Each structure stands twice: as structure tokens, then as C-alpha cells.
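Novice: Protein sequence lines correspond, in order, to chains U and R.
The numbering of the first sequence is this note's numbering, which starts it at 1 and goes up by one.
The numbering of the second sequence is this note's numbering, which starts it at 257 and goes up by one.
Hints were generated in silico from the structure; no laboratory data involved.
Model, not experiment: these values are computed from the prediction.
For each residue, glycine too, the CB sits at the ideal point set by N, CA and C.
In silico contact screen, one side only, chain R against chain U (beta carbon under 7 Å); selected entries:
1. A425
2. D428
3. D429
4. A432
5. Q434
6. L435
7. A436
8. G437
9. D439
Listed here are the chains, written in short residue letters.
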Amino acid sequence: MTANGDRTNGGTPLLEVRDLVVHHGQLRALELISFGVFPGEVYAIIGANGAGKSTLLRTIAGLHQPTSGSVLFDGQDVTGLRPERRARQGIAMVPEGRRLFGSLSVQENLQVGATYARPGPWTIERVYETFDWMRARRNQRTAQLSGGEQQTVAIGRALLTNPRVLLLDELSLGLAPVIVQRIYGMLPQLLQTGLTVLLVEQDVSQALRVASHIHCLLEGRTTLEGRPADVTAGQVEAAYFGLAGAAATPQPDEGE
Amino acid sequence: MNAVIQGILTGGLYALFACGLSLMFGVMKVVNLAHGDLAVVAGYVAIGVITITHVPVLWSFLIVVPVMAVIGYVLQRTIIQGALDRSALTTLLVTFGLSVVIENGLLQFFTANSHGIGVGLALITDSFNIGSQIQIPYLLVLIFAVAVVVLLGLQYFLSRSVYGRLIRAVADDKEAAQLAGADYRHVFGIAAALAFGTVALAGIAYGMYAQLAPTTGTDTILLFAFAAVVIGGLGSLWGTLLGGIVLGVAQQIGAQINISDEVLAGYLVFLAVLVLRPQGLTSRRVRS
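All chains should be built: construct the whole structure from the sequences, respecting the hints.
Specialist: Spelled out as C-alpha cells, the structure:
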């Protein structure tokens, strides 16, 4: 993956989250989360079900309003902006469950993505070249595609906005491991276009494989942050399950 | 036989009533109870436009349709969107309130007298005969043709234009559309403008066909539009034509039996469809 140059050289993050607190009704879903994603990174948020990962991504995309704290994109505070404004500025998201437009064809789904595109490398033609099966099936309804194919169309739709940062929410959900491997295998190709990726993943080994930086959430709090090379499997496990806090389990003082 | 042909042609008028209602529901999930009253407003505007500018009656739609489309966009972006942000029930209540306000406003300013849109042309008032039994008014043929053109136009717009595609996308999943950079409120506004454009044509057509009074909106246009939409299938554009035709034929056959049964016969079919096939005769979504 791309080097951590900007992070170590004191560069500025492309995307930054500061002291984010988000509520789901009465429930406090995120508790003072802060981090920065630097250009060219693959930043992975990991955590168990209900850790607040998707809420975090949705808040960054603008689909949730935080109770307090801010989201900065390229140095600008975008916390008050609607999702469509953020998308036009270069924050694209592949939502959990793919969320394709069911009554539109594959090509029309892509065209919607391209409607408000920023200038950039991605065109529908280029998407067809990158995912070569898609051209032949462009006139089909998305319901006729397999789960992996639908996920690829959702990625294509997001890429067509020509984002600077791509948010990927649980790409692996409901997909066979082989398909998940193949989809994550495309990441290096996407990064070559200058993309920065922030992803949420329940599958920790998958996240550790592709990420240049990981951030573990447990019940809405940060439990671990660092480069995959710098953390041990034990630390990740403790941060993921919160074992360090569970007195019943004899565990060395790893993690938080 | 004559009744069936008359019924089919009247179905064109009912499809004009219904397609805007269907579009608003299909895209925004708004049941616009002020639909009929807005058609009456359009008819009154047409009468005013004709009186003041002396445009030929048939061409008054060139002014009334854009005026209503703008009203549609503005109403959607303000009152209706405000209600949508709260709940579906609020939306229903708000359009009901709008309906009451419009109806009473019309009563206040234009009295309860009914007005027709006089079409002096022989083409419109005459009819032609097929054999000795069948008599077909030109006006009904013209309205039916307009309905077909409107439906073709809507279908073409929805399936081919950029905004048509966005309207379908937003109807499917407005959050996903936002993530692609689309402002769904604006897209809703465009859809409302289209719907109100068809409402304008419905009001003008009914004013030529019959008489418009402040109460016509709720007691005739809205109810017939509902019946046509439900018979044809909620959210289906061509279903509104089918529903309109079924309603029209049922009414005409009812009228053959006894002239006072005309409206009742239509509603009996409406009720039968609701009971036997609640999804309507066609059950497609709003799309190409």
C-alpha cells in the first residue's frame, strides 16, 4: 500500500474527525472519537457489531448529524453540510447493503453517480474497462446481479463522482470470502488514481491485510489505533472484544 | 356499444386527473388531497388568462401549465417538504388543509357559481357519427389524445432525461441518491412541477368538458383520480389510463341502466378492485 509519508512527515489529514459524539435517539453511539485520514491511506475502522462503525461513516458522509464535534475535509469544516454537498466536494460512500437503485439498470445506476461528478479520472467507459463483465450486462436490472456484482456496481457508482476520499461500509457483508478477496484485491488499482480510502470492516483479518492504518472501536469508544505492523494480534483481539476490561478473563495488560 | 366508446374516451380525461396524483405518490409518497382543488384553480386561472389576454382557448395551456408547474415546485419545496420532514400523517393533514383553504378561498372570491371554459370552435362542440348508433364528441377525442400524449411525454421524460433518471433514483432510495450528489428536495420539486403541469391540463380539460365550481375539485376530480389510480395500480403511469378507462366504461354502462346510477357504478368497480385486487390491475412502479 501507499506509504505513511504524510502521517509521519507532519502533513495535514485529508479527512479529520474531532471529538465526535453521535446519538441514536437516547443511545450514545459514538463517544469523543478523533482521528485523521491522510492522503493515499487505507484507513480501516474495525470493531464488533454495534461498535458504532457504520454510524461513524454515515456521520462523515452527512447522513447523521453529530451531537457535538466536527468533521473536516481538506481543512474545511463540513459538519453542517448536507450529504449531497459533501459528495460534490469529493466524499463518496458505498453504503452498507449496497443500496443500488432497484428500478434502474446497471448503466443508469452508474449514470446517477456521474450526474454531479467532479472533474477526474472516472468515466462510465473507464468503469466498464475496470470491471469488464459490466458492459455486457449494463441494461440489466441490478436485482439480476449476484451480491458481489451488485457490490461492484455500488463501488462504480461511488467512483463516478470522482471522489477524493472513498468511504466503504462493510463491503464483505453477505458475500462469499472468495468474492470479498476479489473486491478488496481491486483496492491497489483504485489507490493508483490518487484515492484515499476509509473503510469499515467487521472482518478483522481482511482489514489488517489491506489497511495502512487501523482504528478499533468498542461500544462507541476508541480502543486501539495504529499501523497493522505495529500492533500485535493479542492487542487487536483485546481491543475488539474488550477483553482487557473483562476481569474474568486472565489477559495480560494489552490494548487500552 | 356507444356507452363503451364514450366510456373509453372519458377514461382519457380521468387519466389526466389521475397521473399527477400517481406521480406524486410514486415519487414522494405524498397523497395529495388538494390535487382536485388545484385542478380547479388551474381551470379558473385558464378562464382568467383567456379573459384578460384573449389567447385562443385551446392555447391557454401554454400559460397555465408553466404557472401551475412553478406553483408545484414552490409548494413542494416549502409546505409539502416541511410536512414530509415530519411524517406521512402530517403530509396527509397538510394537503387536506391545503384543499380546505383552496376550496374556501375559491368560494370567497369567485362565489359558488360554476364556470365553464367556453370553446366556441365547432370542432370542439360537434361530434361525429359512426353508423346510426355511435356518436362521438370531438372534444372527448381531443382530451383522450392529450392524455395519451401526456403519458407518452411523462414516460419519455422519466426514462430518458437526466432529471427523469434522478426522479426514479430518488423514488427508489433518496439517501443513496444524496450520496451520489443529488439534492432529493430539488428532485422532488421537479417531480411536483411535472405533476402540477398535468393537474393544469386536467383542470382545463374538465372546464371544457363540464363546469367548474369550487367544490368540483374534491367531489369529482379528486375522487375520480383516486378511483382511476387504485383501479389501475398505485404508482403506475399507464395504469392510470387503464384505470380511467375502466372507471369511464363502468360509469357509462351504469348510466345506460339508469342515468342516476352513473357515478355509483364507477365506485362499485372501484370497490370491487379494492377488495379483489388491491394492488390494482397493473402493479408496476413509476418507471419507464
